[in-house]
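Residues per chain, in single letters:
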Amino acid sequence: MKRVGGSTRKWAVLLALALAVGTLAACGGKNDGSSESSGQASSSQSGGASPSASGSEAPIVEITVWDKPAPDAPDKAIVEEIQAEFDRTHPNIKVTHEDVTQTKEKFMAAVASGEQPDVFRPQFPDMPVYIQTGIVADITDLVNASPDKDRFIEGAFNMATKDGKIYAVPNEMYTTGLYYNKKLFQNAGIPNPPATWEEFAETAKKVMAANPGTIGYDILGMDWADWHFEYYVWQAGGDLTEQQPDGTVKLTFTSDAAVKALQFYKDLKWTHKVVQNNVLQAYEDNSKDFYTGKTAMILGASDNFAGFVSQGMDPSDIGFAPYPKGPAGVGPSQVGGNMWAISPTASPEKRQAAFEYIMFHMSKEMMEKKLQFSKDNGLGVNPLTVLKDVDMTRYVEGMPADFVAAIQAAAKDQKLEYYLKSSLSPYVVKPIQKVLLDKNADPLTELQKAQELAQKEVVDKFNKDILSGTNS
Amino acid sequence: MAPESSRSHVAAGPERGRFRIRWTPVLFLLPSIVVFIVFKYYLICSAVYISLHNYDIVRPPGEFVGLENYFLFLKTSTFWLALKNTFVIFLLSVAVTFWVPIAQALFLSEIGRANAVYRVLYQIPSILPAVAGALLWKWMYNPDRGLFNYLLGKIGLGPYGWLNDPAMTKFAIVLPGFFASGGVGVLLYYAAIKSISAEIFESAKIDGCGPWRRLIHMVLPNIRFVILIQFVTFMSGALLTFDNIFVMTQGGPADASLVVSLLIQRSAFTQSNYGMSAALSLFMFIVIAILTVIQFKLQKEES
Chain A
1 MKRVGGSTRK
11 WAVLLALALA
21 VGTLAACGGK
31 NDGSSESSGQ
41 ASSSQSGGAS
51 PSASGSEAPI
61 VEITVWDKPA
71 PDAPDKAIVE
81 EIQAEFDRTH
91 PNIKVTHEDV
101 TQTKEKFMAA
111 VASGEQPDVF
121 RPQFPDMPVY
131 IQTGIVADIT
141 DLVNASPDKD
151 RFIEGAFNMA
161 TKDGKIYAVP
171 NEMYTTGLYY
181 NKKLFQNAGI
191 PNPPATWEEF
201 AETAKKVMAA
211 NPGTIGYDIL
221 GMDWADWHFE
231 YYVWQAGGDL
241 TEQQPDGTVK
251 LTFTSDAAVK
261 ALQFYKDLKW
271 THKVVQNNVL
281 QAYEDNSKDF
291 YTGKTAMILG
301 ASDNFAGFVS
311 QGMDPSDIGF
321 APYPKGPAGV
331 GPSQVGGNMW
341 AISPTASPEK
351 RQAAFEYIMF
361 HMSKEMMEKK
371 LQFSKDNGLG
381 VNPLTVLKDV
391 DMTRYVEGMP
401 ADFVAAIQAA
411 AKDQKLEYYL
421 KSSLSPYVVK
431 PIQKVLLDKN
441 ADPLTELQKA
451 QELAQKEVVD
461 KFNKDILSGT
471 NS
Chain B
1 MAPESSRSHV
11 AAGPERGRFR
21 IRWTPVLFLL
31 PSIVVFIVFK
41 YYLICSAVYI
51 SLHNYDIVRP
61 PGEFVGLENY
71 FLFLKTSTFW
81 LALKNTFVIF
91 LLSVAVTFWV
101 PIAQALFLSE
111 IGRANAVYRV
121 LYQIPSILPA
131 VAGALLWKWM
141 YNPDRGLFNY
151 LLGKIGLGPY
161 GWLNDPAMTK
171 FAIVLPGFFA
181 SGGVGVLLYY
191 AAIKSISAEI
201 FESAKIDGCG
211 PWRRLIHMVL
221 PNIRFVILIQ
231 FVTFMSGALL
241 TFDNIFVMTQ
251 GGPADASLVV
261 SLLIQRSAFT
271 QSNYGMSAAL
281 SLFMFIVIAI
291 LTVIQFKLQK
301 EES
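First to last, the sequence lines map onto chains A and B.
Heads up: the first sequence runs through residues 1 to 472, numbered per my numbering.
Heads up: the second sequence runs through residues 1 to 303, numbered per my numbering.
Derived from the structure by calculation, the hints contain no laboratory data.
Predicted, not measured: the structure shown is a model, and the values here were computed from it.
Beta carbons are placed, not taken as given, at the ideal position from N, Cα and C, and that holds for glycine.
Do not rely on the hints blindly, as some may be mistaken.
The calculated DSS-like cross-link candidates involving lysine-lysine, where the alpha carbons are at most 25 Å apart (straight line), are [unchecked claim]:
(1) A:461 to B:75
(2) A:104 to B:138
(3) A:456 to B:138
Chain A regions said to be covered by chain B (calculated; three or more residues, Cβ under 8 Å) [what the hints assert, rightly or not]:
(4) 102–113
(5) 132–139
(6) 267–276
(7) 279–286
(8) 420–434
Sample of chain B residues at the chain A side, in silico, Cβ under 10 Å [as the list claims (entries may be wrong)]:
(9) 54
(10) 159
(11) 230
With the hints as extra help, turn the sequences into a complete structure.
Structural data, given as structure tokens:
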């Protein structure tokens with residue numbers, strides 16, 4: 001009995017040991033893997049005397065790029081073809097592609113844990129914060145030494161430049177404007193899109209009256225509400241923030257322009273009654289209302305055309321126009337898009353390889369390949385490009401001529417989103433939601449409250465850091 | 001000689017044997033202890049460390065600022081609004097959700113036929129992933145196309161704003177919990193009720209004790225420890241609620257459903273203020289810890 005008991009105990013101890021070792025191994029698995037890969041990377045870096053990675057004698061440089069298309073992306077085939085082409089022509093650069101659709105939260109977590117991808121594509125509004133916090137590498141030397149620099153349109157690098165240093169390469173650019181449903185307009189006997197705020201409200205009312213069950217204008221009231229609201233502030237002649245020459249920020253939520261813009265929002269909802277009941281619905285729901293013909297007007301970007309058509313909307317029904325002008329007589333378009341950026345933690349060899357990868361994608365040949373694919377597959381083409389040598393007229397055939405002309409018209413007068421948007425957004429959204437949900441809310445009072453909060457909770461600290469040089 | 005005699009003494013004497021390390025249980029416990037340290041305590045310690053810095057994720061840890069992050073958020077009205085909303089949502093959850101599994105377990109304990117069927121039926125809602133459930137409810141709440149306003153319209157009511165109405169949004173966020181609050185809780189309560197001796201019930205019945213009095217004087221006092229444990233879990237869950245609010249309202253409209261957990265996420269990932277985010281997390285950790293200790297103290301005094 002004793003022997004049996006003893007052996008059982010021995011087995012139990014062995015089993016427990018195995019469990020413990022197994023767990024430890026599982027815990028340490030990721031670390032082991034990453035240390036191995038970083039080991040490989042560092043050996044490949046240290047082995048390379050020359051920064052150039054394209055020579056056949058040069059060691060292999062590994063880079064990670066967040067640009068793997070989603071499984072259902074309409075352009076998946078061509079993106080993968082271009083990636084494969086790069087692999088074939090650049091045997092010394094080994095690219096690991098990771099999901100491009102990962103959220104900003106995941107990206108920030110990757111940065112914090114030292115797993116930042118070598119190449120990634122930040123959106124325009126994120127650039128000021130990324131530059132300031134050092135999430136993007138200074139690639140001035142790489143850009144200036146590149147023969148491709150002059151192929152980019154004038155001002156393309158503005159958003160990626162601070163104090164004369166360049167931090168990213170522009171990839172895609174879009175411009176925004178007013179989308180309208182030509183068929184619903186026709187039913188109401190309206191030949192042209194509205195050109196002023198007054199016309200806008202009137203048009204929306206007429207379209208609703210002539211098309212029962214439809215909405216005049218899908219307003220954006222969700223937690224991105226400040227995105228579209230800023231256009232109305234511009235149209236009224238102001239902005240939501242001002243960047244001072246010393247780099248600090250001044251809030252202008254209570255400026256005459258911002259108050260007028262919010263009053264207009266309030267009027268659209270409560271006086272003219274031309275917006276949807278669910279003013280807080282998601283951006284995607286606004287798009288859906290548009291391509292299903294439920295709403296006559298929405299605001300959108302030049303690259304939305306493809307999405308509307310792929311969802312079954314007849315291209316000839318899609319109208320696009322510059323924004324109706326506000327009290328200031330202006331209606332600038334917002335320019336947005338994304339850029340290619342490189343991680344500051346990447347070694348010089350990796351940066352060089354990453355830059356080669358980026359410029360391969362931005363080459364005339366690859367760009368044209370992508371555009372041709374979009375044209376051939378009816379995906380619609382964004383008529384704007386950041387490259388001078390790509391002739392867009394070859395690819396916009398099939399798109400209504402007036403659409404292309406309107407996009408180009410909208411692109412003439414452009415503005416970037418308000419400064420420090422990523423930190424101030426929740427504060428601007430609150431007064432917008434207040435006036436859209438409460439007809440007794442006063443625009444100036446709500447904006448005043450929001451400004452005081454934002455000043456105290458965000459701007460005071462931001463300005464203090466700027467002046468003390470903590471974040472610069 | 002000495003070691004041998006002491007060894008035999010240890011083997012023979014139960015008093016000294018208590019101090020011997022028994023490796024088998026240690027080894028069995030080791031995996032969970034390691035996992036706990038790595039995935040719980042290490043993170044809590046990191047949060048303390050991060051909260052004391054103006055944390056810089058590119059060049060960690062950044063400037064040491066002591067308790068400044070704590071003072072900063074305590075001074076903001078957004079934080080106090082979020083804290084108020086958190087507690088309102090918690091109290092609403094207690095009123096709308098917490099008692100449901102107890103009622104279901106009582107019902108189960110009273111019925112004999114189809115007992116197993118009901119037990120399974122009560123588990124099904126808890127299988128639905130929280131985010132999928134929140135999305136479904138968000139669609140049903142839609143003021144233009146949602147199911148609720150459609151049904152209410154049929155009887156001449158509405159349309160209501162549901163999630164769009166700052167006065168109603170907190171209730172609308174809590175309501176789905178009423179329908180999906182079953183799950184393991186029901187089984188725990190059911191098992192606790194079943195563990196009460198049947199003889200006590202029988203004698204109470206013979207003494208003329210009705211179902212209502214049996215519930216108040218026999219069932220609930222006997223399962224109160226399970227209720228306490230469930231309440232502690234429920235409380236920390238409700239005070240840290242995130243997923244359904246993130247999916248349904250993102251804290252809106254106009255911050256009417258902004259809770260502390262959302263503020264933690266917003267500070268970190270929207271405003272890149274990781275020090276403040278960690279300080280907020282620790283604040284909630286301390287609040288929940290204090291409330292839990294108070295509950296256990298009260299329970300002890302009672303018993």
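Hints versus structure:
1. With a C-alpha separation of about 13 Å, the suggested pair residue 461 (chain A) and residue 75 (chain B) falls inside the 25 Å cut-off, and the hint holds.
2. A distance of roughly 23 Å separates the Cα atoms of residue 104 (chain A) and residue 138 (chain B); the hinted pair therefore holds under the 25 Å criterion.
3. Distance hint between residue 456 (chain A) and residue 138 (chain B) is unfulfilled; the C-alpha atoms sit about 33 Å from each other, more than 25 Å.
4. As drawn, the stretch 102–113 of chain A meets chain B at 5 residues by the rule of a beta-carbon pair under 8 Å; at three or more, the given contact holds.
5. With 3 residues having a Cβ less than 8 Å from any Cβ of chain B, the stretch 132–139 of chain A passes the three-residue criterion, so the hint holds.
6. With 1 residues having a Cβ less than 8 Å from any Cβ of chain B, the stretch 267–276 of chain A misses the three-residue criterion, and the hint is violated.
7. For a cut-off of 8 Å, the count of residues in the stretch 279–286 of chain A with a CB near a CB of chain B stands at 3, and the three-residue condition holds.
8. Beta-carbon proximity to chain B at under 8 Å applies to 9 residues in the stretch 420–434 of chain A; the threshold of 3 is reached and the given coverage holds.
9. Given hint, residue 54 (chain B) at the interface with chain A, holds; its Cβ is 7 Å from that chain's nearest Cβ, closer than 10 Å.
10. Contact between residue 159 (chain B) and chain A, as hinted, is supported at the beta carbon level, the nearest pair being about 6 Å apart and thus within 10 Å.
11. Contact between residue 230 (chain B) and chain A, as hinted, is not supported at the beta carbon level, the nearest pair being about 29 Å apart and thus beyond 10 Å.
In the structure shown, a violation is registered for the earlier hints numbered 3, 6, 11, in ascending order.
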